[in-house]
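Undergrad: Take a look at the letters that make up each chain.
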Amino acid sequence: MSANEYVVRTKGLMKEFKLGDEVVKALNGVDLDIKRGEYLSIMGPSGSGKSTLFNAIGGLDRPDSGSVFINDTDMAQLDPRELAYLRCHTIGYIFQTFNLLPSMTALENVTLPTVFAGMTTDDGIERGIQVLTMVGLQHRLHHRPTQLSGGQQQRVAIARALANNPSIVLADEPTGNLDLKTGEEIIALLRELNKKEGVTIISATHDYKMVDVSDRVVWIRDGKIAKIEERADITLSVGGMQGTEEE
Amino acid sequence: MTATDSSHAPKHQIQLPLSKAWEISLKSIKIRFLRSLITASGILLGIAFFSFVRAVNLIPLHETGSAVVAEQSRHNFLAVMALLVCFVGIMNSMLMSVTERFKEIGTMKCLGALDKFIVTLFFIEAGLMGFFGSVLGWLMGWLIVVITQLLSGGAKELNGMFYKGSLLQAGESIVIGLAMTLVASIPTAVRAAQMPPAMALRSEV
Chain A
1 MSANEYVVRT
11 KGLMKEFKLG
21 DEVVKALNGV
31 DLDIKRGEYL
41 SIMGPSGSGK
51 STLFNAIGGL
61 DRPDSGSVFI
71 NDTDMAQLDP
81 RELAYLRCHT
91 IGYIFQTFNL
101 LPSMTALENV
111 TLPTVFAGMT
121 TDDGIERGIQ
131 VLTMVGLQHR
141 LHHRPTQLSG
151 GQQQRVAIAR
161 ALANNPSIVL
171 ADEPTGNLDL
181 KTGEEIIALL
191 RELNKKEGVT
201 IISATHDYKM
211 VDVSDRVVWI
221 RDGKIAKIEE
231 RADITLSVGG
241 MQGTEEE
Chain B
248 MTATDSSHAP
258 KHQIQLPLSK
268 AWEISLKSIK
278 IRFLRSLITA
288 SGILLGIAFF
298 SFVRAVNLIP
308 LHETGSAVVA
318 EQSRHNFLAV
328 MALLVCFVGI
338 MNSMLMSVTE
348 RFKEIGTMKC
358 LGALDKFIVT
368 LFFIEAGLMG
378 FFGSVLGWLM
388 GWLIVVITQL
398 LSGGAKELNG
408 MFYKGSLLQA
418 GESIVIGLAM
428 TLVASIPTAV
438 RAAQMPPAMA
448 LRSEV
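Residue numbers (my numbering), protein chains in the order written: chain A, 1 to 247; chain B, 248 to 452.
Treat the hints as calculated values from the structure; they're not laboratory data. The structure displayed is predicted, hence computed values, not measured ones. A virtual CB, placed ideally from N, CA and C, is assigned to each residue, including glycine. Check the hints yourself; a few may be wrong.
[Stated by the list, open to error] Now the in silico label distances, taken between C-beta atoms and shown as ranges:
1) A:ARG221 / B:GLU270: 41 to 49 Å
2) A:ASP179 / B:SER450: 22 to 30 Å
3) B:ILE278 / A:ALA188: 41 to 49 Å
4) B:HIS322 / A:THR97: 46 to 54 Å
5) A:ASP79 / B:GLN319: 53 to 61 Å
6) A:ALA188 / B:MET446: 57 to 65 Å
With the rest of the complex left out, here is chain B (with noise of 0.2 Å):
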């Protein structure tokens, strides 16, 4: 007697549109500005480090033979420390911004927002932090590395060679930190998204 009543109903359940979704996240960015800024700046100072460390291997070196293996593998270290570095930084933010806000994915499970729903509103706003992170992240990181360059004189090593590999390095860079910053949030989002409303809105952080 149960099924017949209700099996049909859902299909009137329509997609949120992507229009609405994408409103209601930078609504949610703009009025938690300030911790959505802090947010951003730990992507952006995480992926900046990392960005930095990779222009700078874009310079050749002036030493020869086993000093430039030397220098050479000092800066491989430097970009995985970076990397790791970075990885933390942002699954810190990201973790903490999804927490906080356990309540409010109850609530909208209330309203009768499926668990899609949900998981649409976060990935688009960690996107957008990842993304503008990333890119101003990168910035900074080529930015120092162009600007420290030009003041000691190596105008001349800042040729066709080292804009093309930063062209692919700030690539690197993005994807690496919009990738991160998903890896953090969407799980997260998931696993809230998937309790019992209840649950999430007993959550006190």
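Isolated chain A (complex conformation) (with noise of 0.2 Å):
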């Protein structure tokens, strides 16, 4: 086994969508390294690229060439089967819509990974009310989606997001569907879980807030990576970003 430094891997990422008669390279190779416990932000316009990446990472979509390796685990040689597992075990996901089950309520979305991961129906009621109390929301436990507000549908996302103890959370615009303030919260907790618990995680976004917490921004444009930065390059300019999210 090779070091255990790099927790995602991939290599000449290449990903193309038709839209009509043009060809759109989504993807136009990206070798990228993350690094066990950091907390990486893929910043770019939309179109960059960085939902298509979002998705190779997380095993949501298929490149059409080149790799991904999670713990040194090649994606593309799993099947369903070990997908699914991974998927359950190894990363968690949070989206820009929430994506919460109308039908549940908060701690049963929660429970719903421990579930798929064979915990006991009680082992899971405990792991969910813990994560739902890691998260700020020990009080709203019975509550359905519908009544909740965006931040704290989005908590319960981080919460099932970490229910199965997962190395990588991936997150997709998380504050995309929150204002400002509610967004600074949200940012402000992947980053103390980041520290506190050890999890990696990754976000696609446009959202400037975010390089304050980064260790690392990588800068996607026109499927590739422009540059990447690490957090001490970039305190220095933040003063003159802030303000600019015309893109």
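Put the complex together from the two separate chains, hints included.
TA: Following this line, the structure appears as structure tokens:
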């Protein structure tokens, strides 16, 4: 086994989409190594390929060519069963639209991944309450998504992503549907979980508030990595970037 | 280096307990009760039409000779038409009810659900709606025939033969209703479950 320093590695990722007669290269050779325990933001304007990269890393869509390694496992080699196992245990997903199941309460939503992981009902509920407490929703256990605010729904989604103790949390525009203040709260929560629980957070976003908390920022443009910046390098320029959210 | 890493892992992935699947399906029907009711009514009305036509057939005719043959073939034609109408109705409701939940299917896959889990959930849901829709639909069609017969003074024709035939027809209606419901919903659910989750999540209805 190679060193476990990298939790995700991608090699030469390519993905094309057909838009009418036009072929759009959503990913055009992306090589990216993501360190264990880091908070990484993938930034870029819409249409830059960041969601496609997100889907490829999360095993939600297959790239046309190239490979994604999660903990040194080549995702292309996995059969559907193994892929389901990986999604269940290794990766937690957070979406812009929260994607909670409307028929279930907060606790039931959070417990669902533990059901898929084969946990007993009692253990699942215990774990569910634990993670919901972690995100500050211990008083909203039995509310349905429709009875929760956007920020609260996203907290439930974060709790759900953490239910099976994943080593990676993938967040696709987690603040995209939230107001400024709630967005900041969610970002702070993600950062806190990253520090306390040591979970690697990979977030595709065009929210500049994310830059502040990220260890590294990957800038994507036209399906390619334009640049990768370390946190230390960015802090200097953050002042200049605020207010330039026109993309 | 990859296969050894992952190949032992999925053995821990246990079956979704049937009781849990049952619980999730019931909840899903309950919370969408009005929607489920409309879907089930589609099944109910289709089967009611079919069962009505079939039950009328059980009542002996008073005509003789060629009139009987004509009447008989008219009934058969109606029964086939009823079956077709009911098939299209059920197909439509079930296709819609699965398609509008592609996003939910994608989400469950992200949470680590096997395709099998998802199909099981939809199987239980469709099965329940198909069963109750068919039972009630049969009862409705049958009652209409019995009541009309009683009102028109034909009580004596509702004899042992009629009831025995009715029982057979009840079975027939339920089997047909259930089969149609499952045929309409399961292939759609399987297709959704086999999609890459990204595609299921993208779908908007």
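Undergrad: Looking at the structure, which of the earlier hints fail to hold?
TA: Hints 3 and 6 contradicted; others consistent.
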